[in-house]
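> Assemble the whole structure, with the sequences as input and the hints as a guide.
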Amino acid sequence: MLTASLFWCGVSFAQEEAPAEKESVFHKVEGWYEENMNYATIATLMAVESSFIPFPSEVVIPPAAYIASKPDSHLNIFLVVLFGTLGALVGALFNYFLSLSLGRLIVYRFADSRIGRLCLLSSEKVKRAEDYFNEHGKVSTFVGRLIPAIRQLISIPAGLAKMNILSFCVYTLMGALVWNSVLALLGYLAQGQQDLIDRYSHELSVVILGVLALALLYFVWKKIRK
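Start counting at 1 in the sequence shown, then tack on 60, and there's your number in my numbering.
Don't read these hints as lab results, they were simulated from the structure.
The beta carbon of each residue, even a glycine, is placed where N, CA and C say it ideally should be.
Misleading hints may appear alongside valid ones.
[Stated by the list, open to error] Computed Cβ-Cβ distance ranges for the label pairs, DEER-style:
1) TRP281 <-> ILE225: 38 to 44 Å
2) LYS187 <-> LEU139: 34 to 40 Å
3) ASN224 <-> ARG164: 16 to 22 Å
4) VAL280 <-> ILE113: 37 to 43 Å
5) ASP172 <-> HIS134: 41 to 47 Å
6) SER173 <-> ILE207: 21 to 27 Å
7) PRO131 <-> VAL280: 22 to 28 Å
8) PHE157 <-> TRP92: 29 to 35 Å
9) LEU277 <-> HIS196: 34 to 40 Å
10) VAL280 <-> ALA209: 19 to 25 Å
11) ASP191 <-> ILE166: 18 to 24 Å
As structure tokens, then:
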């Protein structure tokens with residue numbers, strides 16, 4: 061997902077004398093990002109990613125940083141990281157206060173409910189995040205933001221443990237800042253590979269569609285197996 065998302069914004073221009081070619085996946089995706097990606101969109105999507113709703117940050121920050129690295133872009137790469145980090149804090153606070161108000165029993169029941177399963181939650185995942193929090197303490201809300209399997213869920217045990225809200229915000233901001241900076245750097249580096257992306261845009265489009273198809277088949281197979 062991370063590698064594929066870095067190349068979603070590839071651009072290729074046909075010569076004026078040549079007939080118009082069919083618009084590639086990259087043209088469509090890049091066009092959508094350039095029209096819809098702004099700081100409010102980035103913050104909103106990162107808030108969703110930081111909550112319990114399954115949504116990858118890899119399809120938000122790297123493409124936004126890719127666009128921001130262009131000379132005529134309306135985005136600034138530093139503001140992309142800033143608003144992405146603030147959005148991540150909002151999503152983490154949502155998890156924090158939700159678990160704080162509902163309590164441990166309801167949180168675990170929700171994780172095993174049908175809606176929870178649709179959100180790719182389970183009591184085992186929540187238990188893993190809670191064990192990690194109990195083992196490492198407050199600093200886990202910082203380190204946990206850098207671990208894919210823990211990142212979105214680490215704010216739940218923090219809420220269950222009634223962690224100090226100021227400490228929670230500081231650690232969450234630092235962890236989200238580091239993670240978003242890494243993703244932004246990858247998006248920026250991808251801009252330097254513009255010629256390579258242009259050359260293999262068709263092949264990369266096929267690869268991306270293949271990965272999406274495999275992910276869909278895996279999701280369907282998992283549901284059927286259950």
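> Is the distance from the Cβ of PHE157 to the Cβ of TRP92 consistent with 29 to 35 Å?
holds, 33 Å
> Taking 21 to 27 Å as the stated bounds, is the beta-carbon spacing between SER173 and ILE207 within them?
holds, 25 Å
> Given the hint of 37 to 43 Å, is the C-beta distance from VAL280 to ILE113 inside that range or not?
violated, 20 Å
> Take a look at whether the Cβ-Cβ distance between ASP172 and HIS134 falls inside 41 to 47 Å.
This hint holds: roughly 44 Å between Cβ atoms.
> Note whether the CB distance of PRO131 and VAL280 lies within 22 to 28 Å or breaks it.
violated, 43 Å
> Go ahead and decide if the range 19 to 25 Å is satisfied by the Cβ distance of VAL280 to ALA209.
For VAL280 and ALA209 the Cβ distance comes to about 22 Å; the hint holds.
> Quick one: are TRP281 and ILE225 within 38 to 44 Å, going by C-beta?
Holds - the Cβ-Cβ distance for TRP281 and ILE225, about 42 Å, lies within 38 to 44 Å.
> Starting from the range 18 to 24 Å, see whether the pair ASP191 and ILE166 falls in it by beta-carbon distance.
holds, 19 Å
> Could you say whether the range 34 to 40 Å given as a hint is met by the Cβ separation of LEU277 and HIS196?
holds, 36 Å
> Is the hinted range of 16 to 22 Å satisfied by the C-beta distance from ASN224 to ARG164?
About 19 Å separates the Cβ atoms of ASN224 and ARG164, which means 16 to 22 Å holds.
> Starting from the hint 34 to 40 Å, judge whether the C-beta atoms of LYS187 and LEU139 obey it.
holds, 38 Å
Hint violations for this structure: numbers 4 and 7, all remaining hints satisfied.
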